[in-house]
Each structure stands twice: as C-alpha cells, then as structure tokens.
Amino acid sequence: MNDEPYRWLEAVANRREYIRDQLKGATPVLAFSRPEGILLVGVGSGNSKVFEIYDRLALAALGHPVDIEKIRQTVIESAHMEGFTRSPEDVTLRRLLNFSLGPALKTSFEQILSAPIIVECVFAELGTKVGQDVLARVNFDGTYRFENKGVVVVHTDHADETSAATWLREQLTDDMGVGAVRQLALAAWRALTADKPFTPPTTEGAGEKATPAELGGRVIECALLDRRISARVRYRGLEPAELS
Amino acid sequence: MNGDFIALLPKSPFATAQASGGHVPRLEATTVFAFHCAAGVIVAGDHRATAGNIVFSDRTEKILELDRHSLLGIAGSPAIAMEMARTLQTSFDFYRRSQLQPMSQPAKMRALARLLHDNLPATLQGFGLVAPIFAGVDGVEGGRPSIYFYDPMGAQFEAAAFAGSGSGAGSIKSVLHFLEQWSDPKPAEMPLDQAVTLANQLLMTAAEYDTATGGVDPARGDFATVKLLSASGVRSILADEQAGYWKDKVSR
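In order, the protein sequences belong to chains A and B.
So the first sequence is numbered by the working numbering: it starts at 1 and just counts up by one.
So the second sequence is numbered by the working numbering: it starts at 1001 and just counts up by one.
Please keep in mind that the hints were generated in silico from the structure rather than gathered at the bench.
Fair warning: there could be bad hints in the mix.
Facing chain B, from chain A, some residues (calculated, C-beta under 10 angstroms) [unchecked claim]:
1) Glu4
2) Tyr6
3) Ser48
4) Arg72
5) Ile76
6) Ala79
7) Gly83
8) Asp195
9) Phe198
10) Asp226
11) Val233
Only some residues are given here: those of chain B computed to face chain A with a beta carbon under 8 angstroms [what the hints assert, rightly or not]:
12) Arg1097
13) Gln1101
14) Gln1105
15) Phe1127
All C-beta atoms in this analysis are idealised placements derived from N, C-alpha and C, irrespective of residue type, glycine included.
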C-alpha cells in the first residue's frame, strides 16, 4: 500500500498525527541560559526528564520513557566515542545533532512500518559565557532549531510553547539566581499544564511555593551545567537547599 | 546497553602489540605512592620521566583523576599508562551517564585489571610494562578511601597502610614502614599539612638514590603532585598550598 507516493505521504501524515496524539499529556521541560550556567527544569512522575550527556552537555526531554532512553543512549555513545577518539573539546552539540541524532531521528520517523520514536527534547551545551551557550530544540521527526534567546520551552502544543518562552524572557532579569529562575519555570509549567494564563510567581496562586502535592505528586528535577566551577564535568543535580 | 564503553571500541587498545626483538627505548622509572592520613588518602608522585639515562621531562603528571572518587598513580610505560587512564576516565563517565548511577569501586578496579591483562603482550615483550596504584572511595560501602596496587598482569592487592610503585618506591616504602611502626604520629594519624610535607620529603629521599625520580625541589618552588582522596572526593593540593605547609613544617 505504501509503494505509491501519495499513500506514503498519507502514511507519514498519519504517523505525525499519531505521535502528536501520543505526546498529549506529557508535561513541559525548560532550559535557561543564565550567568551561573544552563538551568534545566523538568517535573516528572517517577521517570527522570533531565539528564547528563557529556562534560558540558545535558538533555531535558518529554515523551515515552523508552524512547527517551533510546535518544539518550544514542547521544551518549556518540559523544563518548568522539571525545575518546578525538578530544572532549571536539564534542559539540552542533556536530552531534547534525551527524548523529538528527539523521537517526529522521530515518526512524520515516520508516513508517516501525514503531515511532515519541520524544520532544531540548539539548544544552555550556559555553564559557552566556552568549556562547547553545540550546537546541529537537522535534520527533529529526528537525531541530538552535535557540539564541536564552530560553527554550518544550511542550506538546507549539503555540503555547512559544507563548511560554516569550513570557519567560519578559520576566527574566539578569540578577535572578537559579532559585528564582526555577520558580519562574514552575509558574510557566503550571500555566501550561493547567491551560491557564501565565502568572509571575510573586503573585498569589502561582508556582512560588510549588510542592510535589501542588504538582500532582510529581517530582521537580533541576540540574545545572555550572559555569562557575573549574571541574571537567559541569553537570550537577541541584539540591533543594541551593534553590531556596 | 550495559554501560561498557570499552566494548564499543572496535578493538581493545591494549591487545595489539606484535613487536619482537630489537631495542625499544623504554620510558619508565617513576615514583608514585599512596598512604593513609587522618584526612583520607594522600596520593603523590614526582614529575620526572626518563628514557634510559636521559631525563625526558621534569613536568610529567603521574597522578591522574579518573573521576571524582578515584585516582590512578601511573608507573611504567607512560604512553600505555596514560592511555589506560584515559580509557578508564571515559569508561567511568560513560557508565555513570548511561546507567544513571556511578560505577562501583570493585567494578572500577576490575576494569583496570582487565586493561592490564589485555596489555600482557606488550608487558611480556618488555616495552609496555605498567604497574599502577589505584585509590578509590566506594560510596556504597560508607565512603572510606582505600589503596590498591597491581602487578603488571592485572592482579590487585589492597594496601593496609601504603603502597608505592616505580623505581624510587623501594626507598619510600621502607621509610613509610619505619614511620608506621615507630613514629608518633604514624602517617595514618597525620593531619593534612604534615602528610603533604611528608609526601614531598619522601620524594626527595627517593631522589637521593634514584636518578629517575625528580622534579621536586621546594627551595625552587617545585613541589610534588599531591592529591587528597576523602569521602567527599578528590582534591588537588596545589603548589601554593604545599609551599605554605612546607614553610610551616620544615624549619631548615
């Protein structure tokens, strides 16, 4: 049935619709390029959403946990092989997306008789200063775009995703610490998942005092690619005490 | 996916030596050692690399941080030893990232033993001998740092108080044995400043009788590579800090 071009196009369209349908209900993940480093925030219900990839690389993803694992393992393998064969400085997000993950995702998406990969994600690469950070929003079909405005929101509704990112940029100021940025991220997260207007965390009813109970029993995950430390490995999970 | 980075490589990097006969210049002779002190484990080494009777370098780093909780002191053929350290660094990082948990200390030690065993052809042919010491902390077992030394074929032995490897290690192990038996405080009871100063004194003692040990001269501001391993991880004791301890502890 798929040997005719229009049938193939129809099958791809159906596949796209199926994946979007499967992604409904997934909750957003966010990434912020800040003076301290790159902050990644996710809210999960058992399965992690924020991951270390390489010395200066991290991932935040939503979708099917098994598919997130596939993406994660693929990129980790590529990064470590490249870092070992050449050097850690040669492991860059642009090269990983261009030559490893992007083609793999596209091929997987277009193989319409195999199970699709149900993942949307953001990759982050820490630079030596804010302007050198790289954030990449990656779609399930292998397309991706690099974001240079310092904020990426990954959500299943792309219009809401853009609105959230715009709102967050308006709210962010240079003097905000990672704790304040995290509260802002949670405010955006709550607005997106509850389909309500964006409200700054300083006003009543917003995410300032978000607890696991207020988040539906989910666990807040925060990690920082830390620009301030000199260690080779910059990724570290943030403890609650660091975010207060 | 089992988190084994070495299995991803097209072939083992240490099992390919086929050379036979001929004279191959050997970059060896070194002094690295580790001992327990009150703050944790001190792992230290000199800076000299030699090729026969030639001083190849007096700026060599032989105490290598494999990850935040393990250190390798390398002795023997530097090319192979440094490549082993690089392989282990990548393996430990790869495992932690892919499996979402750190590799256990027994698995780390096994990985090092496996590399040494794979290096057997080069060892037997006389140009690739590596005899490292390993210091690590296993968080699963309460975080006490421990010291292990290896033979070139990969057998591992835990050191109760200290271990050393390289051409100057004999002198140092003799002194450490003496101090453990008859000094007060024993090295295992020494505070950090005293232990760091002792590490430099030990290397200067070894250098007195071993031309292949060198690069440590506090009078010129050249201190040993000294790293402290404790439950909280690895900390490098940099030259400025060592100079402060040296000034306080050594009167002459």
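Status of each hint after checking the structure:
Using the Cβ-Cβ criterion of 10 angstroms, the hint placing A:Glu4 at the interface with chain B is not satisfied: the shortest such distance is roughly 38 angstroms. Nearest Cβ of chain B to the Cβ of A:Tyr6: about 39 angstroms, over the 10 angstroms cut. The hint is violated. The beta carbon of A:Ser48 comes within 7 angstroms of a beta carbon in chain B, closer than 10 angstroms, and the hint placing it at the interface holds. The restraint placing A:Arg72 at the interface with chain B holds, with a minimum CB-CB distance near 8 angstroms, inside the 10 angstroms limit.
Taking 10 angstroms as the C-beta cut-off, the interface hint given for A:Ile76 holds, the closest approach to chain B being about 5 angstroms. Because the beta carbon of A:Ala79 sits about 9 angstroms from the nearest beta carbon in chain B, less than 10 angstroms, this interface hint is met. Interface hint status for A:Gly83: upheld, as the beta-carbon distance to the closest one in chain B is roughly 7 angstroms, under 10 angstroms. Restraint check, A:Asp195 versus chain B: the minimum CB separation of about 32 angstroms is more than 10 angstroms; hint violated.
The closest approach between the C-beta of A:Phe198 and any C-beta of chain B is roughly 33 angstroms, which is over the 10 angstroms cut-off, so the hint fails. With a cut of 10 angstroms, the hint placing A:Asp226 at the interface with chain B is violated, because the nearest CB-to-CB distance is about 14 angstroms. Taken as an interface hint, A:Val233 checks out: its beta carbon lies about 7 angstroms from the nearest beta carbon of chain B, inside 10 angstroms. Against a cut-off of 8 angstroms between C-beta atoms, the interface hint on B:Arg1097 holds, since the closest Cβ of chain A lies about 5 angstroms away.
A cut of 8 angstroms between beta carbons decides the hint on B:Gln1101: the least distance to chain A is about 12 angstroms, and the hint is violated. Using the Cβ-Cβ criterion of 8 angstroms, the hint placing B:Gln1105 at the interface with chain A is not satisfied: the shortest such distance is roughly 18 angstroms. For B:Phe1127, the interface hint is violated, the least distance from its beta-carbon to any beta-carbon of chain A being 24 angstroms, above 8 angstroms.
Hint violations for this structure: numbers 1, 2, 8, 9, 10, 13, 14, 15, all remaining hints satisfied.
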